[in-house]
Amino acid sequence: MVHQPYEAWLLDDDPLTSEQERDLRVHLRNCPHCAALARANLTLRAAAVVAPPGGFVLRFQERLAAQRQAQRRRSMIGVFLLILIGMGSVGADFAPLAALSCPRAGTTFYFMGK
Amino acid sequence: VNEEQTWIFQAQQGNDEAFTRLVEQYQTPVFNLCYRMLGEPESAEDAAQESFLRAYQNLSRYDRQRPFATWLLSIAAHYCIDRLRRRRFIIFSLDGEREEDDRPTELPDRDAISPEMEAIRREEQESIQAALQGLEATDRAAVVLRYWYDFSEVEIAGSLNLTVSAVKSRLHRARKAVARLLMAQSPETRVERMPYGSPAL
Chain A
180 MVHQPYEAWL
190 LDDDPLTSEQ
200 ERDLRVHLRN
210 CPHCAALARA
220 NLTLRAAAVV
230 APPGGFVLRF
240 QERLAAQRQA
250 QRRRSMIGVF
260 LLILIGMGSV
270 GADFAPLAAL
280 SCPRAGTTFY
290 FMGK
Chain B
744 VNEEQTWIFQ
754 AQQGNDEAFT
764 RLVEQYQTPV
774 FNLCYRMLGE
784 PESAEDAAQE
794 SFLRAYQNLS
804 RYDRQRPFAT
814 WLLSIAAHYC
824 IDRLRRRRFI
834 IFSLDGEREE
844 DDRPTELPDR
854 DAISPEMEAI
864 RREEQESIQA
874 ALQGLEATDR
884 AAVVLRYWYD
894 FSEVEIAGSL
904 NLTVSAVKSR
914 LHRARKAVAR
924 LLMAQSPETR
934 VERMPYGSPA
944 L
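If you read the protein sequences in the order shown, they are chains A and B. Converting from the first sequence to this note's numbering requires adding 179 to each position, the first position being numbered 1. Converting from the second sequence to this note's numbering requires adding 743 to each position, the first position being numbered 1.
Chain A extracted, bound-state conformation (with noise of 0.2 Å):
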């Protein structure tokens, strides 16, 4: 069976003229190929809507206090992680000066004497 021009009708959702829409009518009744076409086409325009169970806002209201929460100790951890880094490069900038004022027990140190 031809479907064209009738299923490209049914595809593109330009609106038809009255004598299209006869030609279309009678089509219809004998091709079920374009009558599931426009089964698809009428079922999906008559589609509900879905509305989201009670109390969504609310949720979201907790939702995003947690994500804050969530956040604000992400950068807690952050800035304890920095200051832990910085105070350990302080550390390592100053340890051989810290050894040299501190000599450890037990170490010897000789002079060249005359």
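Careful: at least some of the hints might be erroneous.
As the list claims (entries may be wrong) - When the alpha-carbon atoms are kept at most 20 Å apart in a straight line, the in silico EDC-like pairs for lysine to aspartate or glutamate are as follows:
{"#": "1", "chain 1": "B", "residue 1": "K911", "chain 2": "A", "residue 2": "D191"}
{"#": "2", "chain 1": "B", "residue 1": "K919", "chain 2": "A", "residue 2": "D272"}
{"#": "3", "chain 1": "B", "residue 1": "K911", "chain 2": "A", "residue 2": "D192"}
{"#": "4", "chain 1": "B", "residue 1": "K911", "chain 2": "A", "residue 2": "E241"}
Hints were generated in silico from the structure; no laboratory data involved.
Position chain B against the provided structure of chain A, taking the given hints into account.
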């Protein structure tokens, strides 16, 4: 300046109450999009919540020249597409297993004229939901934006980062697939019984 634009402006300035108003206003369209995309109320709730969080975090990037609904639904559509791609090996089957109470609330349909018509409509809604799950993620998003939100092909292209011709061909392919799936589920075509008007329109 309308009320919504005021809320957006205030929310961009850091007013959480104003953003809450936007959540109130758009909870149903965003949830519905996620439900149609993901097929399960629990996933839809989670995705809708996440979409609002992403919108909240990116509010400073929102261009007020653009409709807020388009921007917000685009965030939700992208989130759902990513999520579907991550879990594509999991196939959703339209229930029988799910309890009636778990179903999300469908808003009253003014077109439902009799219990018989309501039963047919419900059956077809279930079929359509199952058919949607058979589509590739981006095709599904295009169909949902077209049929539930009346997005034009240009708007869909803008929202999903596609060309208009790509949107057109995706919509064609998706409609054919939905038709095939509906036919497979119930071979008897019911065009003559459709109360909604001309099939082509």
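Here is what the structure says about each hint:
1. B:K911 to A:D191: holds, 8 Å
2. B:K919 to A:D272: With a Cα-Cα distance of about 71 Å, the restraint between K919 (chain B) and D272 (chain A) is violated, given a limit of 20 Å.
3. B:K911 to A:D192: OK: K911 (chain B) and D192 (chain A) at ~10 Å, within 20 Å.
4. B:K911 to A:E241: violated, 40 Å
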